[in-house]
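**Q** Make a model of the complete structure from these sequences and hints.
2 protein chains.
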Amino acid sequence: MTKKIQVILYGLGPIGAACARVLAMRPDYEFVGAVDLDPAKVGQDVGDVIGLSEKVGVKVSDKTARVLAKDAQLVVHATGSYFLQVKPQLEQIIKQGKNIVSTCEELSNPWAQHPRAADELNALAKKHRVTVVGTGINPGYAMDTLPVAMTAVCQQVKRVRVKRVVDASKRRMQLQKKIGAGMTAEAFREAAARQEIRHVGLSESVALVARGMGWTLDQIQETIEPVIATKRVVTDYFTVEPNFVTGVRQWGRGLYEGEDKIILELEMAVDAEEAFDEVWIEGTPDLHSLIKGIHGDISTAAVVANTARRVVQAKPGLLTMMDLPVVSAR
Amino acid sequence: MTKKIQVILYGLGPIGAACARVLAMRPDYEFVGAVDLDPAKVGQDVGDVIGLSEKVGVKVSDKTARVLAKDAQLVVHATGSYFLQVKPQLEQIIKQGKNIVSTCEELSNPWAQHPRAADELNALAKKHRVTVVGTGINPGYAMDTLPVAMTAVCQQVKRVRVKRVVDASKRRMQLQKKIGAGMTAEAFREAAARQEIRHVGLSESVALVARGMGWTLDQIQETIEPVIATKRVVTDYFTVEPNFVTGVRQWGRGLYEGEDKIILELEMAVDAEEAFDEVWIEGTPDLHSLIKGIHGDISTAAVVANTARRVVQAKPGLLTMMDLPVVSAR
Numbered sequence: 001m002t003k004k005i006q007v008i009l010y011g012l013g014p015i016g017a018a019c020a021r022v023l024a025m026r027p028d029y030e031f032v033g034a035v036d037l038d039p040a041k042v043g044q045d046v047g048d049v050i051g052l053s054e055k056v057g058v059k060v061s062d063k064t065a066r067v068l069a070k071d072a073q074l075v076v077h078a079t080g081s082y083f084l085q086v087k088p089q090l091e092q093i094i095k096q097g098k099n100i101v102s103t104c105e106e107l108s109n110p111w112a113q114h115p116r117a118a119d120e121l122n123a124l125a126k127k128h129r130v131t132v133v134g135t136g137i138n139p140g141y142a143m144d145t146l147p148v149a150m151t152a153v154c155q156q157v158k159r160v161r162v163k164r165v166v167d168a169s170k171r172r173m174q175l176q177k178k179i180g181a182g183m184t185a186e187a188f189r190e191a192a193a194r195q196e197i198r199h200v201g202l203s204e205s206v207a208l209v210a211r212g213m214g215w216t217l218d219q220i221q222e223t224i225e226p227v228i229a230t231k232r233v234v235t236d237y238f239t240v241e242p243n244f245v246t247g248v249r250q251w252g253r254g255l256y257e258g259e260d261k262i263i264l265e266l267e268m269a270v271d272a273e274e275a276f277d278e279v280w281i282e283g284t285p286d287l288h289s290l291i292k293g294i295h296g297d298i299s300t301a302a303v304v305a306n307t308a309r310r311v312v313q314a315k316p317g318l319l320t321m322m323d324l325p326v327v328s329a330r
Numbered sequence: 331m332t333k334k335i336q337v338i339l340y341g342l343g344p345i346g347a348a349c350a351r352v353l354a355m356r357p358d359y360e361f362v363g364a365v366d367l368d369p370a371k372v373g374q375d376v377g378d379v380i381g382l383s384e385k386v387g388v389k390v391s392d393k394t395a396r397v398l399a400k401d402a403q404l405v406v407h408a409t410g411s412y413f414l415q416v417k418p419q420l421e422q423i424i425k426q427g428k429n430i431v432s433t434c435e436e437l438s439n440p441w442a443q444h445p446r447a448a449d450e451l452n453a454l455a456k457k458h459r460v461t462v463v464g465t466g467i468n469p470g471y472a473m474d475t476l477p478v479a480m481t482a483v484c485q486q487v488k489r490v491r492v493k494r495v496v497d498a499s500k501r502r503m504q505l506q507k508k509i510g511a512g513m514t515a516e517a518f519r520e521a522a523a524r525q526e527i528r529h530v531g532l533s534e535s536v537a538l539v540a541r542g543m544g545w546t547l548d549q550i551q552e553t554i555e556p557v558i559a560t561k562r563v564v565t566d567y568f569t570v571e572p573n574f575v576t577g578v579r580q581w582g583r584g585l586y587e588g589e590d591k592i593i594l595e596l597e598m599a600v601d602a603e604e605a606f607d608e609v610w611i612e613g614t615p616d617l618h619s620l621i622k623g624i625h626g627d628i629s630t631a632a633v634v635a636n637t638a639r640r641v642v643q644a645k646p647g648l649l650t651m652m653d654l655p656v657v658s659a660r
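Heads up: the protein sequence lines correspond to chains Y and H, in order. Be aware that the first sequence starts at 1, since it is given in our numbering, and climbs by one per residue. Be aware that the second sequence starts at 331, since it is given in our numbering, and climbs by one per residue.
Please note that a few of the clues may not be correct.
[What the hints assert, rightly or not] Just the calculated beta-carbon pair ranges, DEER-fashion:
{"no.": "1", "chain 1": "Y", "residue 1": "Ala-69", "chain 2": "H", "residue 2": "Arg-351", "range": "49 to 59 angstroms"}
{"no.": "2", "chain 1": "H", "residue 1": "Asp-401", "chain 2": "Y", "residue 2": "Arg-194", "range": "51 to 61 angstroms"}
{"no.": "3", "chain 1": "Y", "residue 1": "Arg-194", "chain 2": "H", "residue 2": "His-618", "range": "33 to 43 angstroms"}
{"no.": "4", "chain 1": "Y", "residue 1": "Asn-243", "chain 2": "H", "residue 2": "Thr-560", "range": "49 to 59 angstroms"}
{"no.": "5", "chain 1": "H", "residue 1": "Arg-351", "chain 2": "Y", "residue 2": "Tyr-256", "range": "18 to 28 angstroms"}
{"no.": "6", "chain 1": "Y", "residue 1": "Trp-215", "chain 2": "H", "residue 2": "Arg-351", "range": "15 to 25 angstroms"}
{"no.": "7", "chain 1": "Y", "residue 1": "Gln-113", "chain 2": "H", "residue 2": "Lys-488", "range": "36 to 46 angstroms"}
{"no.": "8", "chain 1": "H", "residue 1": "Gly-427", "chain 2": "Y", "residue 2": "Asp-45", "range": "54 to 64 angstroms"}
{"no.": "9", "chain 1": "H", "residue 1": "Gly-427", "chain 2": "Y", "residue 2": "Gln-156", "range": "24 to 34 angstroms"}
{"no.": "10", "chain 1": "Y", "residue 1": "Thr-239", "chain 2": "H", "residue 2": "Thr-560", "range": "37 to 47 angstroms"}
{"no.": "11", "chain 1": "Y", "residue 1": "Leu-84", "chain 2": "H", "residue 2": "Gln-422", "range": "52 to 62 angstroms"}
{"no.": "12", "chain 1": "Y", "residue 1": "Leu-52", "chain 2": "H", "residue 2": "Gln-415", "range": "45 to 55 angstroms"}
{"no.": "13", "chain 1": "Y", "residue 1": "Leu-52", "chain 2": "H", "residue 2": "Lys-561", "range": "34 to 44 angstroms"}
{"no.": "14", "chain 1": "Y", "residue 1": "Pro-316", "chain 2": "H", "residue 2": "Arg-351", "range": "33 to 43 angstroms"}
For the record, the hints were derived by calculation from the structure and aren't laboratory data. Keep in mind that this is a model prediction, so the values were computed, not measured. C-beta: ideal position from N, C-alpha, C; glycine also.
**A** Shown next as structure tokens:
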């Protein structure tokens, strides 16, 4: 009998709960603790909180230190998107000797925006001999790991271009709100200027692609603009009239000697007609790939759960998806 | 200045030479020796033999032991498709303490057909602290590593199905001959029954997918049939009249409890109208992927050259592509 991987859940919002549900289906994992500060969740059984049909026998606690002191090989961390905000949490986990897989978008490649803090966390992880990886569908897979993996079949690569279109009409209300659905274009631009509306992680994806390709970029640029409704759009949560905002279109660019080496385009809108992931590799040979079916919420939970095994096996340190062997659904 | 990876070339036929040409373009590799038994190549400069515009300053030798005694981190091995035939060569290289990346098709997953011999080679590689990996576009990437990597975005996977169509009209004469172009259907079936006509590696790809997915298969089946010309087909080497053979269609199936869990279909024909790589993942979510542009010869050389770096870095043993971090063109 193989020993199960003992897991502590840290953060049971929608994404953390979704990751936990995937791990709950797998016989090789068991939950030994759960942290969340939400009073509505504290004291409840993990099974009830994450929406299983059975109780797990582990209660959610807000006593972080006490939970982290338990024996476990892995913490599934899902509390926020910004590296500097979650860094103290990660440090506390690392000091308890636990490996971490996290949904924190910026942690997918924290060197992109916070190289010194990333080096610090890397040193701390090595000192305590644990592995830390931030991942998810995007950043973490669809716009970085998968396109880089495709270049394996190329002798040379001049440019990597990715376009991802997300149909936000079927996503959570929180996500529809985050992309500005229903706003005026003016309000959108103001909110975007305050960085209240944006997908977090495009710079990290650009930097991950550069890391995977061994390219040293001169600059990473991000731009953002609203997607405007041409007809009335109705979702479960919003009604968007024509000329109002249905979502966001963002570009991330990696520049080297004045040239776009990496171009990532992300559209998330409630009126996207079709969702897809498209990759163009300019090189020897040129490649074109079109993938249909990747779903933001389902797939983020999948990538995190699928990466868990690799994180437990990997060498110590703050790693990226570029450092791990093939991640698969198992 | 980073120290270059010193490489010995072992086997300078068309594929070995193509791999060498890719490594020759990269500043981080240098050739320190080359083995080939062909009298036409022995004594010639590697640059002349592999078709570079410049000499390399290293001569091809048939004194295998002498060449393998040189300092080098890696041997690029390209002498044959069958594991048991090349195993003595691999053992000799391993005993000289060199890592190996090989184009040997069966070596991509030698446990598929020769588990005991594979275990032996694995033990020898570990003893001498070197890494051995067999790879190429197929087996090694298009029908195994890449489909498995796509499942990272799935919570559950029920079935992996891959279809690869190769336009053989633009490939080497040797390959066109190997797939039976120009034969009668009867002669094809006889030659196929003697295993003289077939793509080597489909069973290995099925087993690689199973390995990546953590599936223990009950059985792996291979079937083969001719592709028949419906009109006259002319290539640089063959003219195929209607009703004669233009190529091969092969299936590899991985069965578990009577169900096809893995279905790989490979068509290589001189009248293939379009070349593509298509993947269907049945699971949560379902995925469909279509890639255009992967080229057999160019991409095999690419995969081998791109894997070289990962082989030098990896832990000792006989590994598969499932064990290596993301391979990319760099």
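**Q** A separate judgement is required for each hint: does it hold in the structure or not?
**A** So, going through the hints one by one against the coordinates:
{"no.": "1", "hint": "Ala-69(Y) x Arg-351(H): 49 to 59 angstroms", "result": "57 angstroms, holds"}
{"no.": "2", "hint": "Asp-401(H) x Arg-194(Y): 51 to 61 angstroms", "result": "59 angstroms, holds"}
{"no.": "3", "hint": "Arg-194(Y) x His-618(H): 33 to 43 angstroms", "result": "39 angstroms, holds"}
{"no.": "4", "hint": "Asn-243(Y) x Thr-560(H): 49 to 59 angstroms", "result": "55 angstroms, holds"}
{"no.": "5", "hint": "Arg-351(H) x Tyr-256(Y): 18 to 28 angstroms", "result": "25 angstroms, holds"}
{"no.": "6", "hint": "Trp-215(Y) x Arg-351(H): 15 to 25 angstroms", "result": "22 angstroms, holds"}
{"no.": "7", "hint": "Gln-113(Y) x Lys-488(H): 36 to 46 angstroms", "result": "39 angstroms, holds"}
{"no.": "8", "hint": "Gly-427(H) x Asp-45(Y): 54 to 64 angstroms", "result": "56 angstroms, holds"}
{"no.": "9", "hint": "Gly-427(H) x Gln-156(Y): 24 to 34 angstroms", "result": "31 angstroms, holds"}
{"no.": "10", "hint": "Thr-239(Y) x Thr-560(H): 37 to 47 angstroms", "result": "55 angstroms, violated"}
{"no.": "11", "hint": "Leu-84(Y) x Gln-422(H): 52 to 62 angstroms", "result": "54 angstroms, holds"}
{"no.": "12", "hint": "Leu-52(Y) x Gln-415(H): 45 to 55 angstroms", "result": "53 angstroms, holds"}
{"no.": "13", "hint": "Leu-52(Y) x Lys-561(H): 34 to 44 angstroms", "result": "60 angstroms, violated"}
{"no.": "14", "hint": "Pro-316(Y) x Arg-351(H): 33 to 43 angstroms", "result": "38 angstroms, holds"}
The structure does not agree with the numbered hints 10, 13 stated previously, though it agrees with the rest.
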